[in-house]
Amino acid sequence: MFSVLFSMLVFAAVSVATPPEPTSPGTLYWMTNDPTGNILVTAPITSNGTIGDISVVATGGLGVHGDSFGVDSIFTQGPIAVHETSGRLAVVNPGSRSVSIFQLSDSSFPQPIGRPFPTYGDFPASAVFNKAGDVLCVLNGGVNSRVQCFSVDDIGLLGVSSSVPIYLYNKTSNPPTGPSGTGGTVRFTPDEDFLLVTTKGVIGELDDSPGFITVFPVTAPGIVRNEPTKVVIPPPAGIAFSLTEINDAKAFVGADLATGMSVYDYSNGWTNATIHELIIPGAVANCWSSYSTATGNYYFSDIGAGFINEVTLADDLTPSLVKQYDVGVYAGADESVVANVGDTQFLYVLLENATSIAALRLDGPGNASVVQIVDWSAPVKAKGHPVDQYNSAGLAFYAGSA
190 MFSVLFSMLV FAAVSVATPP EPTSPGTLYW MTNDPTGNIL VTAPITSNGT
240 IGDISVVATG GLGVHGDSFG VDSIFTQGPI AVHETSGRLA VVNPGSRSVS
290 IFQLSDSSFP QPIGRPFPTY GDFPASAVFN KAGDVLCVLN GGVNSRVQCF
340 SVDDIGLLGV SSSVPIYLYN KTSNPPTGPS GTGGTVRFTP DEDFLLVTTK
390 GVIGELDDSP GFITVFPVTA PGIVRNEPTK VVIPPPAGIA FSLTEINDAK
440 AFVGADLATG MSVYDYSNGW TNATIHELII PGAVANCWSS YSTATGNYYF
490 SDIGAGFINE VTLADDLTPS LVKQYDVGVY AGADESVVAN VGDTQFLYVL
540 LENATSIAAL RLDGPGNASV VQIVDWSAPV KAKGHPVDQY NSAGLAFYAG
590 SA
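Its first residue numbered 190, the sequence shown is counted upward by one per residue in our numbering.
Read the hints as simulated data drawn from the structure, not as lab findings. Fair warning: this is a prediction, and the values are worked out from it, not measured in the lab. From the three backbone atoms N, C-alpha and C, an ideal C-beta is built for every residue, glycine too. Please note that the accuracy of each hint is not assured.
Said to hold, decoys possible - Now the in silico label distances, taken between C-beta atoms and shown as ranges:
no., residue 1, residue 2, range
1, Ala-503, Glu-381, 25 to 33 Å
2, Ser-456, Ser-509, 15 to 23 Å
3, Ala-483, Asp-515, 16 to 24 Å
4, Ala-503, Pro-425, 17 to 25 Å
5, Ala-409, Asp-515, 45 to 53 Å
6, Ser-456, Lys-320, 16 to 24 Å
7, Ala-321, Asn-436, 15 to 23 Å
8, Gly-348, Val-473, 37 to 45 Å
9, Thr-408, Asn-457, 15 to 23 Å
10, Gly-348, Asn-556, 45 to 53 Å
11, Asp-242, Pro-423, 46 to 54 Å
12, Ala-503, Asp-343, 42 to 50 Å
13, Phe-298, Asn-436, 30 to 38 Å
Let the hints inform the model, and build the full structure from the sequences given.
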């Protein structure tokens, strides 16, 4: 049973409609990942940080749940990518081996750019734009596992610019069995000299089948060279999901299901990368990460324990736990994003099992509070679309600068 706080907040959220706002700090996006038709769900953020009315748009593709039972349907961070300057949004369709592109703006509904484009691999599950917004790279995590990069413009995806295979464990079926041995996310380094892919180790066999990061050189925009460096994550860590860059450092943080989180420091190059692990008390399945410039801290979603774990880094990048926030042990805390609302930052979290979005106000380091939990399944179902509590995935934010 969810906590009393969770129940009260959900009741308030579904009982009182949020009035429309003439302007909004931005919009949230996530996907149903339903096998009958993947739906992009949208919700504006109001001027006080709460979540406004739910809208939907079909991606034109299909979702699919990985070959496992329960929440965390695609085993990755980043199935929805937003490029703030161009206003482009990409959303993967894991069940139809495709990616859909939309144009966003302040005043209009997301407009599809072309038709869903094939990703030339199986089970597309994570995507990332380059800084210019003219290249999109997609992680395919099935039997045909590879990163496919495309050139992008105002009419959609123009064609393949690069294709590199990636190594995953136990690639015997589509959709893949996970999360053990599957891909975690795809990201560029801030200087865009490298493209990174996380691979989870095999649960219970980390000594023989450890997790690792595959590092591909990028020689030009969209041109990824198949000369990878493999950075092995030493046990007990190694069920690596996410990557979130660390400002002013050549390093990333990442959620790790085995321990809690890790810091990947490549200041001396990827071949000499060092890894700092943090075992988070009570950790069950930390899988997603985000960063707040206001607090200077990182937030990790534990889908098993129902905690948002706030972590700080010392000057030498050693991590330590600041505080844990309970969003409901059965809520299924999934991907999160941080957004500016006036002079305040809010953390928004997809609660997969609860088919809800949580809004937490960040009033300083170690001082976050849940201000709203919105059930989004009812309005989506009312619009004629099925919602499965185990399927939804992704969370992205667009501030509206296009």
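A quick look at each hint next to the structure:
1. Ala-503 to Glu-381: 25 to 33 Å: Cβ of Ala-503 to Cβ of Glu-381: about 28 Å, so the range 25 to 33 Å holds.
2. Ser-456 to Ser-509: 15 to 23 Å: For Ser-509 against Ser-456, whose Cβ atoms are near 20 Å apart, the range 15 to 23 Å holds.
3. Ala-483 to Asp-515: 16 to 24 Å: Distance hint for Ala-483, Asp-515 holds at roughly 21 Å.
4. Ala-503 to Pro-425: 17 to 25 Å: About 21 Å separates the Cβ atoms of Ala-503 and Pro-425, which means 17 to 25 Å holds.
5. Ala-409 to Asp-515: 45 to 53 Å: holds (47 Å)
6. Ser-456 to Lys-320: 16 to 24 Å: holds (21 Å)
7. Ala-321 to Asn-436: 15 to 23 Å: holds (20 Å)
8. Gly-348 to Val-473: 37 to 45 Å: Holds: the Cβ-Cβ distance is about 42 Å, inside 37 to 45 Å.
9. Thr-408 to Asn-457: 15 to 23 Å: Since the Cβ atoms of Thr-408 and Asn-457 sit about 22 Å apart, the hinted range of 15 to 23 Å holds.
10. Gly-348 to Asn-556: 45 to 53 Å: At roughly 48 Å between Cβ atoms, Asn-556 and Gly-348 fall inside 45 to 53 Å, so the hint holds.
11. Asp-242 to Pro-423: 46 to 54 Å: holds (47 Å)
12. Ala-503 to Asp-343: 42 to 50 Å: Given a distance of about 45 Å, which is inside 42 to 50 Å, the answer is holds.
13. Phe-298 to Asn-436: 30 to 38 Å: holds (34 Å)
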